[in-house]
Amino acid sequence: MPSNTPIFSAKNIVRTFGSGKKLVKAVDDVSFDIADGEIVSIVGGSGCGKSVLAKIMLGLYKPSAGEFLYEGHEIVDQKDHWNEVQCVFQDPFSCFNQFFTIRSQLEAAFKIKKDKLTKEEISDRVDAGLLAVNVAPKDIEGKYPFELSGGQMQRMLLARIFALRPKVLIADEPTSMVDACVRANILDYLMKLKEELSMTIVFVTHDIGLSYYVSDRLFIMHDGKIVDSGKPDDVILKPTSPITVQLLDDIPEIHKDWIKR
Amino acid sequence: MSNPVFEVENLSLHYLTRFGQKIHAVTDVSFQMKQGEILGIAGESGCGKSTLVNGLMGLFIPPLHPTSGDVRVGGESLMNRTPEDVRENVLSRKVSMIPQGAFNALNPTRKVKDIAADVIAAHEHGTSRAASYERLAERFALIFGKDATKILNSYPIQLTAGERQRSVIGISTLLNPQMVIADEPTSALDVSTQKVVIRMIFDLLDKGIFNSMIFITHELPLLRHVADNIAIMYAGEFVEKGTAEQIVFSPKHPYTKALMGAMLSAEPGQKDRKPTAIEGAPPSLAKTIEGCRFAARCPVAKPECTQKKQDIRMFADRLVRCDYAE
Amino acid sequence: MKMFMNLLKSPMFVFGAGLFLLTVAVALLGPVFYNVTLDRVGSQYAEPSWQYWLGTDDLGRDYVSLLILGLRSSLYVGFLAGVIATTVGTLLGIYGGFKGGIIDDLLNMVTNLFIVIPSFVVLILISASFKDGRSLTLIGLIIGCTTWTWSARAVRAQAAAIKSRDHISLARINGDGTLAILVKHILPYLLSYVFMVFILQIASGILSESAISMIGLGPLDTQSLGIILNQAKNNGALGDGVWWAFVPSTVMITVIVFALYLINTSMEGVFNPRLRD
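Chains as they are written, first to last, in our numbering: chain P, 1 to 261; chain F, 1 to 326; chain C, 1 to 277.
If you're looking for bench data, these hints aren't it; they were derived computationally from the structure. The hints are all genuine.
Here are some chain F residues the structure puts well away from chain P; computed CB gaps all over 12 Å:
#, residue
1, Val5
2, Leu142
3, Phe144
4, Tyr155
5, Val300
6, Phe315
Straight-line Cα separation of at most 30 Å, DSSO-like style, residue types lysine-lysine; simulated pairs:
#, chain 1, residue 1, chain 2, residue 2
7, P, Lys25, P, Lys79
8, P, Lys113, P, Lys138
9, P, Lys111, C, Lys99
10, C, Lys99, P, Lys55
11, P, Lys111, C, Lys184
12, F, Lys309, F, Lys287
13, F, Lys274, P, Lys238
Remember, it's a predicted structure, so these values are computed and weren't measured experimentally. The C-beta atom is built at its ideal place from N, Cα and C for all residues, glycine as well.
Same shape as in the complex, but just chain P (with noise of 0.2 Å):
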């Protein structure tokens, strides 16, 4: 049953870095509701906030001001918060441990899990989330970082969610490092997270083309505000803000007229 408290609530939050002449507003007076089950993209250039406010959904940065909720309380420990909020980080290669098996890194995530779980339980779930990816487990058994490629990083990511299943998903540009197959892929896993353990998931991101697939709804980012946000359709087809509109005109598209010589 989803709960009418949404997932994430922010009023006003605002989060500067530096101070006096050098202050930069990354988040600047943003507010939203998140509701539970709900996929929302937050689309942006780089250095428009959008990694910024991943972090405060994160725990990671508190907001400078505003008032920030998760699931109508304020994040106050960061352990219990990853217990139910996770992520999916941008570049696969460097989030791995190359001194330790994938498996026992997969393994040593449900550390965080408030729900101890005993070592056969936690193998199963590892075994589950590897093959939600279409990995059989004994493929990467006694498997290094460095013996997968860029997609498999990405993939085993993604494993690490479907094995811990976590309330909320925050995805943190997944796609940015990754060639376009391996797109489609994160795209099928994505919706089967959403339709399979219902979660919630906020997909930070520049690319705009995943982003009209997978999500309920979409926010815009420029400058550390949300200038345009709403359904897929309606802001893509109809956008009423001029950002949101330079911005679908600077994707090259095949079926649309880009810049030429």
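With the hints as your guide, set chains F and C onto chain P.
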């Protein structure tokens, strides 16, 4: 008919590992480019694109070695040269490279103008520093307009990602190379910056700073707008080569079709077309492969495909490496 | 393990390590095969002969014996200084590099302070202030405590680079604490590097001891390669053409340090990730 500016003949390259094993990263690549042509090369990561770049410059630094074949710029072969000779006589003037990571390409302790002046000094002995700066100011004014002086006097760290990449392109094309090879020049940038950088490349082409370019990327939609012709690379081989329109709108090789099918786009009416990923992984290049390299992942593979080597041939006005293309 | 096998494929490493192990073997096993004695065995500055291969010193003592003992001291000082400098430097460097902030600034300040004060001058001052109690161990301690800054600086830079890898953030989100992250997720990446630093610290320890002993501020309780040089200098052996008083000892120091540098350079080739396969 004018002579081709760039010719590649049956080029094969391999890596020699520490254990004496040969990894055949590029196999039997051939193509010719006319003056003014832009050729796009696309493929998954690990398909040999980046290795090919080094081969195309004649730059062989162990463990990379040429197996066979020839690369010619304006009729002159680039093979069998020492890396020093290539750096001195080929790079920057004949063939120039635009790398992906602009941040690694610029020495962080030097100003942009000094990095650029060093390039001039390395190739044109005896050019005075003042003369170099003057030339730089002129060239950067083409690229950056009134910001040129500011950019030239900055350290790389003070620039935005887009300015850095444009500076790198400005430096790479400083000596008006006959051929430019751009290795994923915009992959690390966001879409808006990408557009600015591509516009700048077009600008340099229009002004005749350079004429011919090889553009390497995994973004087929981008290539559709940038390239005249596109070659699709898989497991070290070209599997299809045709005009940009042919490749993007009517692909013939099963792999090209699969690549197009995996594409996501935010265009109206595209949402119903569900993108499908290509399952499986490319074959290991450490062993010799008997049949078609794509057979194991090919949705229309016939039993004999794993045995029978496929040759690249003309089919529907373009080159295709598949006997069953339709 | 695989890395070690790769090391063995490098001729430079095999040669360097072989040379170094040879000097260690001479130092440790010398007394077993050779009659090492500090007694007077001949006249002052007897020339090398079949009986005394490298002649005798001003007190008529056998130079081979002196060299074996001196070699032992030099290696001991090198190891001691190397262990101290590497351990202190690594601990401070890794912590500062990872933590950042005020702690890092503080560590940095201390490191910089030590770097601007030439450690050799400090070494001379401290050695000179210990008039009688200057033992070999004390010299080793002093060298270690004045040279750790170099390792701290090197390790800090590496740790700071690894800190920005996502696996560190992921480890935090997996619930690992600071200590676990330092030990499990940062140290393994630095181990090969720390080992290289250690090798260089041994070499610099040996050189420092020789230098300080040569100017007469060395340990008073033992022989060392530097002390042999000091005696040769004091007795004017250099001007009198008594080459066996200083050449063997100089060669010995050069060989050890050369071997260590070879090991270090060859390891760089193997450990450098760009050259790794």
